[in-house]
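Go ahead and model the full structure; you've got the sequences and the hints to work with.
There are 4 protein chains.
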Amino acid sequence: MVQIGKATIGEEKIREYEPYMYKGVIDERLKRVQEAYDRWQKTRTFEFPTWLYGQPLGKLFKVEVEDCPTFGETSWLELDSARTAFFSIDMQGWAWLLYNRQGYDTKLIDAPIQPIKNCLDAVRKTDMKVVHFREGHRPDLADCPFRKSYINKVVGEGITFGSQDPGGCGRIATRGQPNHDTISELYPIPGEYIVDKSGKGAFHHSDILQLLLNMFPPPTHLILTGITTDVCVHTIMREANDFGYWCLLLKDCTGSTDWENHLSAIKQVKMRGGVFGWVSDSQRFLEGVEANLT
Amino acid sequence: MVQIGKATIGEEKIREYEPYMYKGVIDERLKRVQEAYDRWQKTRTFEFPTWLYGQPLGKLFKVEVEDCPTFGETSWLELDSARTAFFSIDMQGWAWLLYNRQGYDTKLIDAPIQPIKNCLDAVRKTDMKVVHFREGHRPDLADCPFRKSYINKVVGEGITFGSQDPGGCGRIATRGQPNHDTISELYPIPGEYIVDKSGKGAFHHSDILQLLLNMFPPPTHLILTGITTDVCVHTIMREANDFGYWCLLLKDCTGSTDWENHLSAIKQVKMRGGVFGWVSDSQRFLEGVEANLT
Amino acid sequence: MVQIGKATIGEEKIREYEPYMYKGVIDERLKRVQEAYDRWQKTRTFEFPTWLYGQPLGKLFKVEVEDCPTFGETSWLELDSARTAFFSIDMQGWAWLLYNRQGYDTKLIDAPIQPIKNCLDAVRKTDMKVVHFREGHRPDLADCPFRKSYINKVVGEGITFGSQDPGGCGRIATRGQPNHDTISELYPIPGEYIVDKSGKGAFHHSDILQLLLNMFPPPTHLILTGITTDVCVHTIMREANDFGYWCLLLKDCTGSTDWENHLSAIKQVKMRGGVFGWVSDSQRFLEGVEANLT
Amino acid sequence: MVQIGKATIGEEKIREYEPYMYKGVIDERLKRVQEAYDRWQKTRTFEFPTWLYGQPLGKLFKVEVEDCPTFGETSWLELDSARTAFFSIDMQGWAWLLYNRQGYDTKLIDAPIQPIKNCLDAVRKTDMKVVHFREGHRPDLADCPFRKSYINKVVGEGITFGSQDPGGCGRIATRGQPNHDTISELYPIPGEYIVDKSGKGAFHHSDILQLLLNMFPPPTHLILTGITTDVCVHTIMREANDFGYWCLLLKDCTGSTDWENHLSAIKQVKMRGGVFGWVSDSQRFLEGVEANLT
Chain A
935 MVQIGKATIG EEKIREYEPY MYKGVIDERL KRVQEAYDRW QKTRTFEFPT
985 WLYGQPLGKL FKVEVEDCPT FGETSWLELD SARTAFFSID MQGWAWLLYN
1035 RQGYDTKLID APIQPIKNCL DAVRKTDMKV VHFREGHRPD LADCPFRKSY
1085 INKVVGEGIT FGSQDPGGCG RIATRGQPNH DTISELYPIP GEYIVDKSGK
1135 GAFHHSDILQ LLLNMFPPPT HLILTGITTD VCVHTIMREA NDFGYWCLLL
1185 KDCTGSTDWE NHLSAIKQVK MRGGVFGWVS DSQRFLEGVE ANLT
Chain B
935 MVQIGKATIG EEKIREYEPY MYKGVIDERL KRVQEAYDRW QKTRTFEFPT
985 WLYGQPLGKL FKVEVEDCPT FGETSWLELD SARTAFFSID MQGWAWLLYN
1035 RQGYDTKLID APIQPIKNCL DAVRKTDMKV VHFREGHRPD LADCPFRKSY
1085 INKVVGEGIT FGSQDPGGCG RIATRGQPNH DTISELYPIP GEYIVDKSGK
1135 GAFHHSDILQ LLLNMFPPPT HLILTGITTD VCVHTIMREA NDFGYWCLLL
1185 KDCTGSTDWE NHLSAIKQVK MRGGVFGWVS DSQRFLEGVE ANLT
Chain C
935 MVQIGKATIG EEKIREYEPY MYKGVIDERL KRVQEAYDRW QKTRTFEFPT
985 WLYGQPLGKL FKVEVEDCPT FGETSWLELD SARTAFFSID MQGWAWLLYN
1035 RQGYDTKLID APIQPIKNCL DAVRKTDMKV VHFREGHRPD LADCPFRKSY
1085 INKVVGEGIT FGSQDPGGCG RIATRGQPNH DTISELYPIP GEYIVDKSGK
1135 GAFHHSDILQ LLLNMFPPPT HLILTGITTD VCVHTIMREA NDFGYWCLLL
1185 KDCTGSTDWE NHLSAIKQVK MRGGVFGWVS DSQRFLEGVE ANLT
Chain D
935 MVQIGKATIG EEKIREYEPY MYKGVIDERL KRVQEAYDRW QKTRTFEFPT
985 WLYGQPLGKL FKVEVEDCPT FGETSWLELD SARTAFFSID MQGWAWLLYN
1035 RQGYDTKLID APIQPIKNCL DAVRKTDMKV VHFREGHRPD LADCPFRKSY
1085 INKVVGEGIT FGSQDPGGCG RIATRGQPNH DTISELYPIP GEYIVDKSGK
1135 GAFHHSDILQ LLLNMFPPPT HLILTGITTD VCVHTIMREA NDFGYWCLLL
1185 KDCTGSTDWE NHLSAIKQVK MRGGVFGWVS DSQRFLEGVE ANLT
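Chains as they are written, first to last, in my numbering: chain A, 935 to 1228; chain B, 935 to 1228; chain C, 935 to 1228; chain D, 935 to 1228.
For the record, the hints were derived by calculation from the structure and aren't laboratory data. Watch out, some of these pointers could steer you wrong.
The list makes no distinction among identical chains, and a pair is therefore deemed to hold if it is satisfied within one copy or across any two copies.
Only pairs whose alpha carbons sit at most 25 Å apart, straight line, appear in this in silico BS3-like list of lysine-lysine [to be verified]:
| hint | residue 1 | residue 2 |
| --- | --- | --- |
| 1 | Lys965 | Lys1201 |
| 2 | Lys940 | Lys1041 |
| 3 | Lys1201 | Lys1041 |
| 4 | Lys1059 | Lys1041 |
| 5 | Lys940 | Lys1051 |
| 6 | Lys1041 | Lys976 |
Fair warning: this is a prediction, and the values are worked out from it, not measured in the lab.
Given below as structure tokens:
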């Protein structure tokens, strides 16, 4: 132990993980979890935790979630409308163009258009926030990793991100080009957010976290829809879940380039009680919205 | 405009920044700011915005802040105790060891010890959170940029991060070594948080954001104290402010290697109405705590 | 257009995405991609790009990758040993404990132990870096989102992260507890890196990016192994890929709680030419290492 | 110790920071630092570390840096032109408009215009990259924290970010508005990068890190210029330095709202051997460029 000026350095009681430190925090945490668990056993509902986030700033509503906590079982998720954001992910023209060229069946990504539209129609009558994501690159491709350009060039037989679309829809997945924009069927309306991202995920290279933390009010729960199920939707869901957001995937509002991957992506979410969030569908979501928010 | 499957691509109404998009959001935002401004003109208080964060989960209290909105003027900041975190930054043994060797006057960093202690004594009687930061490196220096090791080697005449302290206090600024730990006078108690960081800032390379977002409840306002004013305290304040946290620096609870830099760092915070947050001191903070939380 | 002091504000030539700006950058980018593509067509090899990263600092070696660029085809990936990091992800005791309790077949996660061991044996004779990841929480659970504790409590019939393991292996997935540590078969050796992370991914809440950017030298290519294929391995792969790292998954060095999800996770990587990276296996990786690095 | 399947859990040799783990890494690190230090003592030059980053991809050049390692001393920094990025930070119209209104002397920010211009003229003849930053907000202010809008409203007597400029220059600091753009004197040219950021710093809420990591080639050294010295220039410098970038501030290419804060911000960089990087000026930078790159 050394004394320099007024500072005592090298206290003997060097931090120990256990049992000394943090004691108060873990006790409160386990207690709160126990209380929530006790209530869940009675209600089968993952209630909006007002002790954690405060009283609702909108209206509470409940959505049935499937295969939770285990396959074949049903639970309910409760949300505060004012603290819920609805994500419509990458419903952009270039997906149809590119997957079509690469030989994938675009009927799989046609499928979610109408269910998302139905949800948007309902959500727009509430105080939920809507965020539209768009994957794509700066016109100079400066935010496109070389490997990404390269591998797409190889698989696309010469056509990659930033290449001119032979069908006349402009440079592929490039900001400012028609094919980069959200498809007309699901176009944003005033008051909604648009997030341009260069990756499959969004939290590293876009301002989505800045937006979420600074919304009026900041959301706690997220509804995930869009394409593709196993790529961008899943990546954003994983990132958001890691930050602590409560995520709900609407399965019929998603689609992929491959039916097996789509199904597996949905199943992956449900493992271990909901490792990345919960799964429901547009019908049950709409029932929840209509029963409580209208 | 192209139709592929059910998707319409290349809508003519390509996103325009103005005047079409986002209209609802900006109107609400400017209205909320106007309302807050109108109230501030009456109360000179930056009130806790319940419409944004919900009703208080602890108790509200007010602290007088100086030179705000302009030099010579006084305002008040209102906080919710349960959503306030008190940061004690880098009050670690190695600062005294290293600055002493480098010829700086460690009386400048002695000065904040007692004021921070006084604040901690008061804060520990409330539901405010306490976070202790520690700058330092993995024992293998794996998280220490080469330039950082190098420049410190040059200025330290051969002694750098990870070197054995000639005075017997272990490897300098290395985790697990006595000199890396918080000084005894300000040692954490159970229920408080310790954040080890490899940089001057904390939000990139530590789990501080994860902690803040997942506290019970997540803080909205931060109290900043520690050393050094112009380096680590300022960097963390800048990062937190950019994320949207409401930051309050207690000036007598900070110190630097240089008196001019200390004073300028405080002044820098106050520019342009409080560009990085607000400035007060331990006495006014304690008055606020005692008047409202005890 | 306004002139204030020496500044001219409001130039008419407001930034346009196209066709004015960034022209040089996109031309160089498309040219580099074209050159790499031309060479790939001759060699079927994704060569280490020395024009991008500089001359090799170790030795070049090649690994055969499967189903690339499309299913049924084979390509080669070339790496610089000194700029390659080998990731062993979450091979921790608590996985066996917890999945066993939850009724999953732990043979699926037994399977990768020996293949990873074989790779580690070979890698340790080279200048490749090794990083061991561990998912788990601070002893106070401060970095565990409430939802994560909660959902695991529900699915675990009362046993969650931080709970005492009824079998006597300490608090589950809690740092400092035996079950949190890497299993003995794959234990780190001196000179390797250990990254503790609170999420499924690692780039947000740990210092992995700091480590990668500051290694001697910084890696450009990553080898991914560990558990579970569809959860932590995939999340880390997605994050790294988004940052621009060249990722290679060794499929027999991974395992999951579910065989279908494991297979689909591997397939998902291969879509669209390798949307998250490439897939190979331990045998082909070892062949590449042995042929070039020994 | 427990055996489940093929996994052995709870090895007795739980990770210890010292002396067991990481041994190889620290030895190499200290050795590399020692070697660099030995060479520095002979050359007074912080050489470009080819063992770390590879052989130069452009040309090496040297710039004299002042007050390094201590005040009154001089050293040299060596850079690889192809791995150097020149940052021109926030040289936007709204700074002049807003500071003028707030009563600050805009001569202080006039001063760096010509020195930056001189540097840009020289840099544009080399293979260095140029990045122009712009602080400002989405037209809907969605990325503007409420506190930021609020405090600027208070200090600006009702005029804040997003407000209409009474002088007719559009909404203040709002993307797409003339006052948000770079001033004409320092306008970007094709092949340069523009980064829009919502904060004082840039690494959290913009794609700057994505750009840097994916440039052809990725820079290791950064030249910092722009306004204001103590706010945005310093914040970006702190962030970049924490990530391990080698930063060089050109002091006459910066300016602030306050002369004391400007001087102190420069002095702060020089403390402790260069805690955030090095300081030089346009003349010495141009000498280095002209002597080696032309």
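Taking the hints in turn, this is what the structure says about them:
{"no.": "1", "hint": "Lys965 / Lys1201", "result": "neither (31 Å within a copy, 42 Å between copies)"}
{"no.": "2", "hint": "Lys940 / Lys1041", "result": "between (72 Å within a copy, 8 Å between copies)"}
{"no.": "3", "hint": "Lys1201 / Lys1041", "result": "both (21 Å within a copy, 20 Å between copies)"}
{"no.": "4", "hint": "Lys1059 / Lys1041", "result": "neither (29 Å within a copy, 50 Å between copies)"}
{"no.": "5", "hint": "Lys940 / Lys1051", "result": "between (66 Å within a copy, 12 Å between copies)"}
{"no.": "6", "hint": "Lys1041 / Lys976", "result": "neither (42 Å within a copy, 35 Å between copies)"}
Taken one by one, the earlier hints fail for this structure at numbers 1, 4, 6, listed in ascending order.
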